[in-house]
Amino acid sequence: MFAYIIRRLLYAIPILVGVNLITFVLFFVVNSPEDVARAHLGEKYVTPQAIENWVHEKGYNHPLMYNADADGLNRITDTIFYQKSLKLFTLDFGQADDGRDIATDVLTRMGPSLALAIPTFVIGIWINICVALIVVMFRATHLDKAAVALFVSLMSISGLFYIIGGQYMVATLWRLVPISGFEPGAMAWKFLILPVVIGVISGIGLGARWYRTLFLETVDQDFVRTARAKGVSELGVLFHHVLPNALLPILTGVVVVIPSLFMGSLLMEAFFGIPGLGSYMLDAIRAQDFAIVRTMVFVGSVLYILGLILTDISYTMADPRVRLN
Amino acid sequence: MLVMIMTGCTDTSWNNPNPPEQPGETVYYGSFSTRLQHLDPVRSYSAEEALFIDQIYEAPYRYHFLKRPYVLEPALAKGMPEVSYLDKHLKPVPRDSSQPAYSVYIITLKPNIRYQPHPALAKDEQDNALYLFKDESSALQYKTLYDFPQSGTRELIAADFAYGIKRLADPKNKSPLLGFLSNYIVGMEDFSKTVMAQDRSGWLDLRTLPLEGVEVVDKYTLAIRIKGLYPQFRYWLAMHFFAPMPWEADRFYHNPGFQNRNMTVDWYPIGTGAFMMTRNDPNSGITLERNPNYRTDLFPSEGAPGDKEKGFLTDAGKPMPFIDRATFRLEKESLPQWSKFMQGWYDRSGDDGANISSSNFDRAFTVSGNGVDLSQEMLDRGITVSTELKPSIYYYGFNMKDPVVGGTTEAKRKLRQAISIAINTEEFLEIFANGRGQAAQGPIPPGIPGYVEGKAGINPYIYDWVDGRPQRKSVEQAKRLLAEAGYPNGRDKNTGQPLILYLDTTGGDAGPIADWRRRQFEKIGIQLEYRTSDYVRFKEKMRNGNTQMFGWGWLADYPDPENFLFLLDGSQTSENCQCDGANTSNYDNPAFNLLFQQMKAMDNSPEREALLARMVEMVRKDAPWFSGYHTKEYYLNNSWVSNVKRHGIAKDTFKYLRLDTAERSQRQVQWNTPVVWPLIAGLAGTAIIIFPAIRAYRRRQTQTINKSTSQRGNG
Amino acid sequence: MTQASVLSVRNLSVGLKNRSQDAVLKNISFDLTPGEIYALVGESGSGKSVTSLAMMRLLPDALTVTEGEVLFEGQDLFSATEQQMTAVRGHRIAMIFQDALTSLNPVKKIGTQIEEALKLHTTLDSKARRKHIIGLLQEVGLPEPERRIDWYPHQLSGGQQQRVMIAIALACEPDVLIADEPTTALDVTIQKQVLDLIHSLSRSRQLAVLLITHDMGVVRETAHRVGVMYQGEIIEEESCDRFFHNPQKDYSRRLIASLPDQRHFRDSTPVDALLSVQNLKVHFPQRQGALQRIHNWTKAVDGVSLTLGHGETLALVGESGCGKTTTGRAILNLDQPTSGHITFEGHTLNTLSRSAMHPLRRKIQVIFQDPYSSMNPRMTVLRIIEEGMISLKLGLTPNQREERVIELLQKVQLEPEHRHRYPHEFSGGQRQRIAIARALAVNPQLIICDEPTSALDVSTRAEVLKLLQQLQQELGVSYLFITHDLSIIPQLAHRVAVMKEGKIVELGVTKAVLTQPQHSYTQELLRAVPQLE
Amino acid sequence: MDIFTVKPVILWTDLMLWLLVISITAFLFSLRSNPESRDQWRQVFSSRLGMATFIIILSYITLALIDSLHFRKPLPPAAGQNPETTYYSNKVHSVLDLILGEMGERKERSYSEPFALKSFTKENMTNEQGQTYRDYPDLEHAGSHLENKAEHHRDLLWQSLIGLTKGLLFGVILCALMKGTTRSSSLPWGTAMTTILVICMLLGWLLHVGNLYHILGTDRAGNDTLYDSIKGIRTGVLIGTLATLIMMPIAITLGICAGYFKGWVDDTVQYLYTTLSSIPGILLIAAAILQFQVFIDLNPGFFEVGLEKADARFLGLCFILGITSWAGLCRLLRAETLKISQLPYVQAAHAFGVSHIRVIRQHILPNVMHIILITFVLDFSGLVLAEAVLSYIGVGVDSSMPSWGNMINLARSELSQEPVVWWNLVGAFFFMFTLVLAANLFSDLVNEAFNPKNRQERAQ
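Chains as they are written, first to last, in full-length UniProt numbering: chain P, 1 to 325; chain X, 1 to 715; chain W, 1 to 533; chain A, 1 to 460.
Next up, chain P with everything else stripped away, as it sits in the complex (with noise of 0.2 Å):
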């Protein structure tokens, strides 16, 4: 196990400068460094020498990847790649082209977002299983088609419109809670507790309808059949039997994403003011701020390749037959 987790930590690192690879190419392949310098300098009386100093002193000054009259290894260093996207491999995430410090914006910033996913995450999966065991226990009949029905509507509605929707009425109409914002502390939960219940609705159509279909496939294999020839009921055979076993494949899509919750929500960070890594995200997007947008795609690679070995550990531990070499 232990010589398992080195190797996958090892096989990360090819990924990762691949995926440097990527944003870098993306960002300078039609952008100068001069662009981004002027994307970030004032309206009025921008001088070239300005220019020229912002470049310089963000390090932009060099070759992107290739540092033809440089000699030896630094022809490899002695480039943008090397000193930026590289650098991140040692955590020095460096300053954001407006002069910030990325590594606190990001530390700042995951309060919220996870604030908002880790609700939202827990209690989402938590009912979405309740639901299907539900619906599966009455598999077969009316009222199963009439959830499955229900969920197919419920999946077909962008999430846009359940945001939209639901802070028009709750909020606006209703007055129950907060439009948007946040207050870190005890206050959080009021400016939380819309954005939480809009993202597990939007969520209960695909999750549990997915759930449904996990948990039927297990009911009709014979362990199940062997637990009724036991004399199990009906609830104990879902829970004890069905339940564990579905388990498995919901453990491969769940366990992926919770590293990954760290990201935030770009919607509802967006929607409620929340002021998390999703609206970090979408603002660096927007003003071109390579800086953040390479840390933030590291981060986020990281997050995921880390996902997936906790997958793969978690199933070791849900299923005695997994062993890992």
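Keep in mind that a hint or two might mislead.
[Claimed, not checked] Some chain A residues judged to face chain W by a derived CB distance under 10 Å, without partners named:
#, residue
1, 12
2, 347
3, 369
Simulated from the structure, these hints should not be mistaken for lab results.
Even for Gly, the Cβ is constructed at its ideal location relative to N, Cα and C.
Add chains X, W and A to chain P, keeping to what the hints say.
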């Protein structure tokens, strides 16, 4: 969920987004829409940022809060600057002598003005700065500025201004004005060079380096020498670029490792103003608090005519500021921001920029013949409106270098005039700006010397004066001009090729406005194509002058026609100035340039008016701009807010603001009674779903095989 | 036997839920008496399993009972409520299923799975339960139960898993045990043990056993009474001995006749070797560690040597996992041997490159075990059969190919127009014929038959075997016949090679090996084969 | 305007959409030969739901197709113009615009409620006496055919009847044609007919009444909301199909190669898709789109009319969406190929010395087709929804392209109005919801029919 609702009930109303306040303090609740980039007085150059730092930093002079037209008054300075003139040998000469080589501005400060409490000024017993660190490791426990337990203050001295100006001259601080002011302040350019020559690894004490044009005469007196005559310079002295900066602060912020924690001047201001920044979270909000060391500053006792009636003078002579704390939340979306204002959680409809999105505007105002009135709903809520005609102009420009629309030939002029007529600016304002603006008759907006009211002030090439108001010439007129320009019905009179014009935008070529604009051109048979691009590309095109038509705008730095007409001065084209020229349409008219130089050097006077009139006429004739308008901003104030007279240029207006908190809290409760029935309905609904499920399960448990039908138990 | 029946099924009929007119079961009736083993025999799809599930009210959603009753100690189970039913299942009537691995919950310890039944139906406390479970495991003959009680199903062998199933079934001392194909998935030796176990249990516990199977041998060995099922009906019910001596219905006769004749052996005359395998080794690496270094080898085939003559059949016998299939694949050059020589007509196959192997491919062909997955479902029979001709460049025109295909189809007793059909339109037996045709298409000299009959019903199995022999006589092709079923060997193979753990333990003329086995393992195998008399 | 003088504009997306449709139909026909897949299709269509949803989707696609025939109208010849050269308007129309008739051109000044005759907001007007007063002004186009506003409702009813009957007639003709072509089988043609009739009647009504009133009102700039929603169909359908189409070739080749050849090929492919899928999708999309936009802006020369720019960006979006969803399909195919290549019939093929190419073409590809098909239908609805979100964030389709996402984006702020402006949201919602719902239901059925796992379950 229910539990949370219960706890929610302890609050006055469930949807209060504001944190609880200490009893007895007056807190202002506001919002801002764009994330702040720079708070460094020498660097920041946007209205959004000025909204905050102008409360904190003070310049020697400021604009009178009430008087119109805009006039300067001393702020940190004791009186207005004494200006004297020197020839190139630094001999004093009278002003009217032909073009003195230098002007000297002597500024005398008020005594014992003190800075806000700030750790940079904290001292220990030996009177040494408390927070100076050898290396990064010893300062790690201080994550933000507010982690420092001690703080101190000291008196403001003339040297601080010198230091501030030197920071401006330091290229490292990336002041947008560096290039511009170098043309005026003597020795600034050399200073920049010498500074960059130094070792810039740590803190560089700028006091050690001389800046020829800036001289500290004594503790309270500062002399600034600028090249030639530039009367408008006094306006610059009213902007935060000339705010004092204590050298201790600069040293403090250069402590090792502070930079990495965003502890910079650019992030934590230190000023003498009425407020100081006590929380700066760019992601969620900003808090200003009353500066305990603020000097006695009394509310003005005289104002513009009519201010007394409007009640702007009720607080005359009272010490400012009137609020203890002002919290601003970052509101990226206009919808929630507006809703919160309507719920009474924000005191004003917004603090920065245009803050009533046009969809909300329809709700707030009723546009009637004689301007814009508050809607009944607003009146019922006791909401008041304060308007402001910004000294600004938004316009579309022709690139005078462009072969199709540019050039000074009669034909081209006619083409431009035709287009200027065809684009119905009034309709544009009516539809898209809800009449929040006034069509421009020339480059100079109202409230600025050179602007002429009434019949005399209209643009005769585009408007006729019909029963007491300017009326746009007819489309036929435009068509005629177009035909004369060689494009009958928008087709080349030789080839019949349709005339296709290209407009460069950053906005994208879609949406209602784009459609509308296309239709305007179609009226005279011209096909309009958009060339969209992001802001950077756009700036680039402008710089290289490879545009044909473009949208642009200008917000005045100071209320002087020079600040507008220089946008058309030949020396300001990108080509001539080798910079992002302010003269976007590359209008280079020798006669105009000549007059500009004269006008620039003059104080306001009838002669100057005459010059201005001639220049404006030239511009109207050549029509390098079209469809220009001056924005008129509307701000809504809840009933409990008073002393809210908008100022077109000055942003330091929070200290004048007064709140009636009692009324506020009472209104908030009244406006925010939650509607509970949906909750109960929801809970009931779920119960209704759960209940039959349970019963169905029961039934299933007691099920037997009924052979006749095919209904079966669980299988 | 005149004992009172503990459970009796009265004209039970089962139909599809939505279309209940076409019945799956028609008026099934039989009785079970304590201590008696009642065998329900029939080929796949005859409705044996449905019967058992219907009795337990465990039918899949698609099916539904249309009429009839199941009297357990006099009361009708169909009129009992679901709750009452749960009290009966596993407590009074217990059940074991065909595939033990899938029938056990993979994520629960076997101890827990047995305990569950006890929890439900007994009042024992946890300590007592554990004791009881260990007792059970001993009874069903699971070695060192104290340790294994905490194992997971996948850690046990197939036989052990089936024993655990039985333990679960017996946990609450039921009166009736329904065993649905309990041994089909097992090797002969294990099969014997399990059957013996059931047998002894039914005697010792006075257990009424309903044994559902398709294997007449098994029936002969264990059952007291026999019911023959055919298309959802019990067409004949008899005591075991009488049934086997004079069956009434001719379907029953066919069933019995289809059992391979084990008295006559094919005599073999030594012939010159077509294929010879010397000391063949096929090892698969086991990787481990961060860098995936090979730390060990699985020795699938470990030094096999054999020869096969022209027109000869060599049976390669062994239990699952003994490496017989791998040997076959190695000869086909589908698996790369680790060492050893495979010589075919003087070419050493395992040294040849892919291209050099190509011309030889037409000489060696293969027939696979599973008739369902051995043909591409998206190709017509024609294209399946002619694929080899095309790829091996027999230089035939499309028409010639088609003629050849027709001819082959006739040879394997299929209709020429079948060539335009798709595999899934054929029965298992027919498919196996197509597979044979495909193998013959390139008229090879050697065909490797990898368990070609083990997935077939008894009757079809006999036919396929007969066909293979005919073809051998006609074409003089040699077979390497890989199988686990000793009973079919005598009439099929000239010589037999018995394989165990990658090695050949005994190789010789069929008669010699089967009558006087030398190696103990061979003897064990033979003992396990169910005998009809 | 006669058809021959117009100048056809062929956008890349038009081309691809037509190609796609043609190829899919071809693919389906090729499948018919195999009885197994024929049964599967029969199973899909034998359910009423399957038939109905399919026809709904079909009508959407048809609209999209009609909307994908673009052309530019010629300008009337001007004085001094030599006759053989004709110049064209820079406005691009599609055949659908012709069918929709005036709907697109009938712009009001600003908001108006559905079916309203008067504007939504008061304006000040001058009466005969010349004094100004405030009231709701009449709409320019809606109900302009009425000489007496009083009979508004009666006229509405009457026109609706006309529209419905028109649609009905058309529908009947269609059904008749269908009856002629299709021999009766087990399929529920009845349902098909009714669905067709209903859709035709609805369309007929929309077309007829929509040219007299604003059925879904107008938006801020006075554009007919119904028109926008209908124009949004093309975008929705395109994004749903093209994105998958673009990524499919890569995914198929790489996935199958990885699964079949294993070894280093497998490692490389796995590396590729792990890398790609480990980049946060939204970031990748946003960054790519923004950069692509910059590229477009840098080379305005490539594009003759604005629409082509939007189209290019749209293609870019499809491509990047394809890239992001590429990994999933690739992974599936790899796994399936691994499984299949172990199956006896592939082994047998090896025993016959069949070449790799042939094995892949004959044995692997046909047997992973169901996966490709299922992914295709399953992704469809997801992509349509994604478009809305991306457009909201501002990295979706070009804002000049009519799309539901853009509509929602514009309509958001209208909720704060008093009284609330709901029709723009509702319009987008309705059209989007119908398509996605139909797609979801249909894909369910397809999945059920083609997924071998489900097939086994049915076998039990």
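Going down the list of hints, with the structure as the test:
About 34 Å separates the beta-carbon of residue 12 of chain A from the nearest beta-carbon of chain W, more than 10 Å, and the hint is not met. The beta carbon of residue 347 of chain A is positioned within 10 Å of a beta carbon in chain W (closest approach about 6 Å), and the interface hint is therefore held. Of the supplied interface hints, the one on residue 369 of chain A holds, with its beta-carbon coming within about 8 Å of a beta-carbon of chain W, less than 10 Å.
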